[in-house]
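Protein chains: 2
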Amino acid sequence: MNQDNTPNFGAYDEYIEQHFDSMVVELREFCAKPTLAGQHIGLAEGVAAVMGLLEPLGARIHVVPVGEVADDAPPVVLAELGASQPTLLLYNHYDVQPPEPLELWDSPPYAGDVRDGKFYARGVADDRADLLSRVLAIRAYLTTIGELPLRVRWLIEGEEEVGSPHLPPIVDEHAGELQADWCAWESSGRGTIDVPHIICGLKGLLYVELHATGPNHDAHSGNGSILPNPAWRLVTALSTLRDERGNFVMDGLDDIADKPTEADMKAAEAMPFDEQRELALYGLKGWQRGLKGREALYSAMFEPTANIAGFTSGYGGPGSKTIVPSKAVVKMDFRLVPRQTPEAMLGLLRAHLDARGFDDIEIVDLGGLYPAKTPVDSPLVQVSADVWRDLGEKEVIIAPMTGGSGPMSLITSGLGVPVVMTGGVGYAESRAHSPNESIRLADFKSAIRYWGRFFAKLADL
Amino acid sequence: MNQDNTPNFGAYDEYIEQHFDSMVVELREFCAKPTLAGQHIGLAEGVAAVMGLLEPLGARIHVVPVGEVADDAPPVVLAELGASQPTLLLYNHYDVQPPEPLELWDSPPYAGDVRDGKFYARGVADDRADLLSRVLAIRAYLTTIGELPLRVRWLIEGEEEVGSPHLPPIVDEHAGELQADWCAWESSGRGTIDVPHIICGLKGLLYVELHATGPNHDAHSGNGSILPNPAWRLVTALSTLRDERGNFVMDGLDDIADKPTEADMKAAEAMPFDEQRELALYGLKGWQRGLKGREALYSAMFEPTANIAGFTSGYGGPGSKTIVPSKAVVKMDFRLVPRQTPEAMLGLLRAHLDARGFDDIEIVDLGGLYPAKTPVDSPLVQVSADVWRDLGEKEVIIAPMTGGSGPMSLITSGLGVPVVMTGGVGYAESRAHSPNESIRLADFKSAIRYWGRFFAKLADL
Numbered sequence: 001m002n003q004d005n006t007p008n009f010g011a012y013d014e015y016i017e018q019h020f021d022s023m024v025v026e027l028r029e030f031c032a033k034p035t036l037a038g039q040h041i042g043l044a045e046g047v048a049a050v051m052g053l054l055e056p057l058g059a060r061i062h063v064v065p066v067g068e069v070a071d072d073a074p075p076v077v078l079a080e081l082g083a084s085q086p087t088l089l090l091y092n093h094y095d096v097q098p099p100e101p102l103e104l105w106d107s108p109p110y111a112g113d114v115r116d117g118k119f120y121a122r123g124v125a126d127d128r129a130d131l132l133s134r135v136l137a138i139r140a141y142l143t144t145i146g147e148l149p150l151r152v153r154w155l156i157e158g159e160e161e162v163g164s165p166h167l168p169p170i171v172d173e174h175a176g177e178l179q180a181d182w183c184a185w186e187s188s189g190r191g192t193i194d195v196p197h198i199i200c201g202l203k204g205l206l207y208v209e210l211h212a213t214g215p216n217h218d219a220h221s222g223n224g225s226i227l228p229n230p231a232w233r234l235v236t237a238l239s240t241l242r243d244e245r246g247n248f249v250m251d252g253l254d255d256i257a258d259k260p261t262e263a264d265m266k267a268a269e270a271m272p273f274d275e276q277r278e279l280a281l282y283g284l285k286g287w288q289r290g291l292k293g294r295e296a297l298y299s300a301m302f303e304p305t306a307n308i309a310g311f312t313s314g315y316g317g318p319g320s321k322t323i324v325p326s327k328a329v330v331k332m333d334f335r336l337v338p339r340q341t342p343e344a345m346l347g348l349l350r351a352h353l354d355a356r357g358f359d360d361i362e363i364v365d366l367g368g369l370y371p372a373k374t375p376v377d378s379p380l381v382q383v384s385a386d387v388w389r390d391l392g393e394k395e396v397i398i399a400p401m402t403g404g405s406g407p408m409s410l411i412t413s414g415l416g417v418p419v420v421m422t423g424g425v426g427y428a429e430s431r432a433h434s435p436n437e438s439i440r441l442a443d444f445k446s447a448i449r450y451w452g453r454f455f456a457k458l459a460d461l
Numbered sequence: 001m002n003q004d005n006t007p008n009f010g011a012y013d014e015y016i017e018q019h020f021d022s023m024v025v026e027l028r029e030f031c032a033k034p035t036l037a038g039q040h041i042g043l044a045e046g047v048a049a050v051m052g053l054l055e056p057l058g059a060r061i062h063v064v065p066v067g068e069v070a071d072d073a074p075p076v077v078l079a080e081l082g083a084s085q086p087t088l089l090l091y092n093h094y095d096v097q098p099p100e101p102l103e104l105w106d107s108p109p110y111a112g113d114v115r116d117g118k119f120y121a122r123g124v125a126d127d128r129a130d131l132l133s134r135v136l137a138i139r140a141y142l143t144t145i146g147e148l149p150l151r152v153r154w155l156i157e158g159e160e161e162v163g164s165p166h167l168p169p170i171v172d173e174h175a176g177e178l179q180a181d182w183c184a185w186e187s188s189g190r191g192t193i194d195v196p197h198i199i200c201g202l203k204g205l206l207y208v209e210l211h212a213t214g215p216n217h218d219a220h221s222g223n224g225s226i227l228p229n230p231a232w233r234l235v236t237a238l239s240t241l242r243d244e245r246g247n248f249v250m251d252g253l254d255d256i257a258d259k260p261t262e263a264d265m266k267a268a269e270a271m272p273f274d275e276q277r278e279l280a281l282y283g284l285k286g287w288q289r290g291l292k293g294r295e296a297l298y299s300a301m302f303e304p305t306a307n308i309a310g311f312t313s314g315y316g317g318p319g320s321k322t323i324v325p326s327k328a329v330v331k332m333d334f335r336l337v338p339r340q341t342p343e344a345m346l347g348l349l350r351a352h353l354d355a356r357g358f359d360d361i362e363i364v365d366l367g368g369l370y371p372a373k374t375p376v377d378s379p380l381v382q383v384s385a386d387v388w389r390d391l392g393e394k395e396v397i398i399a400p401m402t403g404g405s406g407p408m409s410l411i412t413s414g415l416g417v418p419v420v421m422t423g424g425v426g427y428a429e430s431r432a433h434s435p436n437e438s439i440r441l442a443d444f445k446s447a448i449r450y451w452g453r454f455f456a457k458l459a460d461l
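Sequence lines, in order, name chains A and B.
Mapping of the first sequence onto my numbering: residues 1 to 461, in sequence order.
Mapping of the second sequence onto my numbering: residues 1 to 461, in sequence order.
A couple of the hints might just be wrong.
If several chains are the same, the list does not tell them apart, and a pair holds so long as it fits within one copy or across any two.
With a straight-line cut-off of 25 Å between C-alpha atoms, the simulated SDA-like cross-links for lysine to any residue are [as the list claims (entries may be wrong)]:
1) Lys-292 with Ser-326
2) Lys-285 with Thr-213
3) Lys-327 with Arg-242
4) Lys-259 with Pro-56
5) Lys-327 with Arg-289
6) Lys-457 with Ile-145
7) Lys-285 with Arg-242
8) Lys-33 with Thr-261
9) Lys-445 with Ile-145
10) Lys-33 with Asp-251
11) Lys-457 with Gly-58
Since the hints were derived computationally from the structure, they do not count as laboratory data.
Let's have the full structure, built from the sequences with the hints guiding it.
And the structure:
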């Protein structure tokens with residue numbers, strides 16, 4: 001490490017202070033429209049907004065269509081700035097979750113309303129303020145310090161919220177344009193204890209629908225004792241995926257999963273965990289399966305899950321209707337720990353159901369994501385934490401894993417590049433994916449201050 | 001029995017032949033409008049249509065409002081005709097099921113379209129053609145034979161399709177007006193073997209919702225391994241209501257249920273059962289729980305059931321959404337055999353769940369009906385069968401029970417009157433409660449011919 005190379009950030013910070021009001025205006029403009037991959041809404045506008053941010057920085061931009069097989073899908077934006085070594089790859093996405101249910105928003109989802117220092121908009125926490133804070137940091141750096149101390153490459157996709165279905169071949173085909181020494185992911189934040197979190201891994205994902213069928217029409221339930229009931233069928237099949245305590249069990253599950261490493265467990269044990277505040281976030285009195293205290297923290301990071309995201313069968317309106325439903329559908333997301341793959345999980349699920357006579361239940365594969373992991377002792381993790389400390393943070397949480405998922409393994413496993421989630425704008429009540437998504441403007445400013453320092457410190461490694 | 005009193009039905013049958021085309025027109029008029037108790041649609045018109053049929057017969061009519069507590073509910077119509085002994089009580093209802101889903105109808109649900117000798121309309125099988133066939137039989141009798149040979153009393157309600165919630169106190173308060181020697185219920189038919197069915201009992205009903213709650217908002221499923229999932233909670237609770245084979249089990253269930261009597265079993269054994277045709281009605285290859293052949297017939301009549309009529313939780317739209325749902329609701333109808341009551345079943349269900357730690361699951365009681373039973377060797381059953389044989393039917397099926405439910409126990413247990421279901425217009429593909437509900441016009445004519453003879457033979461007992 002060469003202390004001489006570290007620039008003075010006085011002018012940089014002053015620039016941010018002076019221009020922060022107009023930065024908030026830019027944030028509001030950037031959040032003013034939906035970009036919904038699943039619904040094919042606002043995709044061209046989403047790309048245009050990203051171009052409008054990158055072009056003034058002097059970025060070399062390459063808009064990559066996702067190909068003829070999905071010509072209405074949002075393209076991937078690749079960009080490059082600067083020329084020095086090393087190379088840092090940034091990952092962001094310009095799509096957002098749908099805003100529904102609209103009636104639960106206290107201000108219109110694309111209005112960017114500010115209340116009590118919080119900025120409310122769909123997508124602001126996930127991932128628009130993250131993306132913009134990096135843009136604004138580069139602008140401040142170029143204006144107040146000079147050329148970037150490293151080369152920034154940028155991968156900005158438009159389908160993250162629907163599972164990045166077209167990203168793998170694009171990363172594969174453009175591996176040269178994406179190659180880097182390090183990578184900073186989107187979407188970290190401060191958690192319930194309100195200190196910066198640095199996250200070193202994501203769980204994988206397998207998303208499936210289970211379909212069961214009964215009579216060929218919703219039938220009078222007077223024959224309920226003899227007609228096969230598809231809702232009962234799924235209930236019975238699902239119940240074999242939990243043991244008596246409620247733990248997720250499946251034939252062969254343990255054989256394909258890595259336990260956390262010693263370093264991971266050590267990092268996990270060093271993490272603070274305020275159970276009551278975490279529970280309060282969800283209005284809960286306790287966790288599932290009677291999990292207590294730090295057990296819950298470790299489970300959320302290190303255990304695979306079988307989650308029911310939706311169960312739909314028969315009549316759901318007011319009052320009573322006496323039918324045997326004709327069909328039943330369960331939506332499930334399985335979160336995967338390192339070494340588990342969507343393909344292997346899908347095979348195990350099929351075999352588990354077949355072995356118990358449930359071969360009539362159809363499994364519809366809605367896609368998957370691999371788990372991704374960077375060692376907690378990577379220099380990248382150290383730099384990420386040091387920058388927060390330079391900014392005056394007394395505590396920094398280093399999480400070996402988190403329960404969420406994303407296409408991070410395309411970078412960690414696919415390109416062999418260490419990846420970390422840091423410098424994000426989220427806080428405990430950001431409610432990404434829920435109504436009243438928000439960030440705190442103070443965190444937005446911290447993130448802008450963070451990234452210039454991060455570039456400098458990483459270049460100095 | 002006094003053969004001398006039996007009138008000659010030559011002129012009666014001729015009258016029906018001559019006027020049958022206009023009777024079909026009357027059926028179309030009677031089916032032209034919805035009368036939906038649950039949705040408060042067409043109630044006044046429903047009463048007016050019934051009055052328009054009964055008044056020309058010279059009936060003494062008493063329209064009974066259901067009281068101040070439910071002043072928007074459809075009234076009950078009580079009527080009386082004739083003066084001779086004995087007294088026969090007829091039960092019908094003027095409400096129908098909602099027509100949805102509309103897109104599955106091949107002709108508009110209230111058009112009364114005739115195709116291949118079948119008449120299609122919502123409510124025609126359940127219960128408008130039944131009611132009208134009795135009206136037309138009385139008209140034919142009065143026109144061609146003379147005064148009715150017995151007193152007919154009529155109970156016509158407008159809430160059968162929503163579980164007759166206001167009927168019990170009305171039957172209680174008007175017991176004198178309803179007292180009778182015998183009672184003929186609505187809604188019998190011909191079944192898959194296409195011969196008349198005489199049904200001697202109805203199962204009871206308990207309808208409930210089970211509610212489970214998780215996080216106070218649909219939460220990101222990255223925390224799916226620690227957040228309580230209400231869909232999983234209901235799956236786990238429900239799975240305790242079935243044994244390994246799939247039989248309905250509940251603590252104390254067997255203690256409150258009567259087994260079928262010896263006479264019931266003998267009657268059941270005498271019933272023909274065409275398993276393949278029954279399965280074909282539902283597009284099925286087999287029954288639930290591996291039931292085979294006559295096992296299914298006996299189960300449908302004599303076993304209590306726990307049916308899932310609806311399961312609603314989380315996301316049910318296209319594609320994937322990764323959430324832990326905030327709530328889950330299951331709708332269940334329990335069908336009750338003799339001696340089981342809705343109150344006792346509700347108590348057992350609560351205790352069964354509590355004993356397994358599911359005291360967090362809320363049970364919402366949506367109402368119930370008692371089982372009802374008339375002995376298969378009642379003279380009423382004999383008369384019902386004899387009339388069919390007089391009409392040339394070679395085979396008549398006498399079913400000790402059926403899987404459906406209704407307020408029949410108000411008459412059997414409440415008034416101590418034997419009740420039978422006979423003389424109905426339904427056939428195997430009537431699809432009561434489903435789109436394309438229909439009757440065959442030949443069955444409608446048979447029913448009109450049936451009721452005049454039934455009055456005469458019952459009077460002659």
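Checking Lys-33 and Thr-261: alpha-carbon separation at most 25 Å within a copy, between copies, both or neither? Neither, since 43 Å and 71 Å both go past 25 Å.
| task | Please work out whether the CA atoms of Lys-285 and Thr-213 approach to 25 Å or closer within one copy, between two copies, in both situations, or in neither? | result | For Lys-285 and Thr-213, the Cα distance is within 25 Å only across copies (12 Å; inside one copy 37 Å).
First find the shortest C-alpha distance between Lys-259 and Pro-56 inside one copy, then the shortest across copies, and answer within, between, both or neither for a cut-off of 25 Å.
neither (46 Å within a copy, 84 Å between copies)
### Task
If the cutoff is 25 Å on CA atoms, where do Lys-445 and Ile-145 land: within, between, both or neither? Let me know, please.
Cα proximity of Lys-445 and Ile-145: one copy only (18 Å, versus 97 Å across).
Notebook entry, point to check: Quick one: Lys-327 to Arg-242, C-alpha cut-off 25 Å, is that within a copy, between copies, both, or neither?
Noted result: both (23 Å within a copy, 19 Å between copies)
Lys-457 and Ile-145: within-copy, between-copy, both or neither at 25 Å Cα | Intra 14 Å, inter 108 Å, cutoff 25 Å: intra-copy only.
Please sort Lys-33 with Asp-251 into within, between, both or neither, judging by C-alpha distance up to 25 Å. Cα proximity of Lys-33 and Asp-251: none, with 46 Å in one copy and 56 Å across.
Lys-327 and Arg-289: within-copy, between-copy, both or neither at 25 Å Cα: between (30 Å within a copy, 17 Å between copies)
*Same-copy or cross-copy closeness of Lys-285 to Arg-242 [CA-CA at most 25 Å]*: Cα proximity of Lys-285 and Arg-242: one copy only (22 Å, versus 30 Å across).
Within a copy, between copies, both or neither: which one fits Lys-457 and Gly-58 at a CA-CA cutoff of 25 Å?
So Lys-457 and Gly-58 pass the 25 Å test inside one copy only (22 Å; across, 100 Å).
Intra/inter-copy verdict for Lys-292 and Ser-326 if alpha-carbon distance must be at most 25 Å: between (41 Å within a copy, 21 Å between copies)
Hints 4, 8 and 10, counting from the list given before, are not met by this structure.
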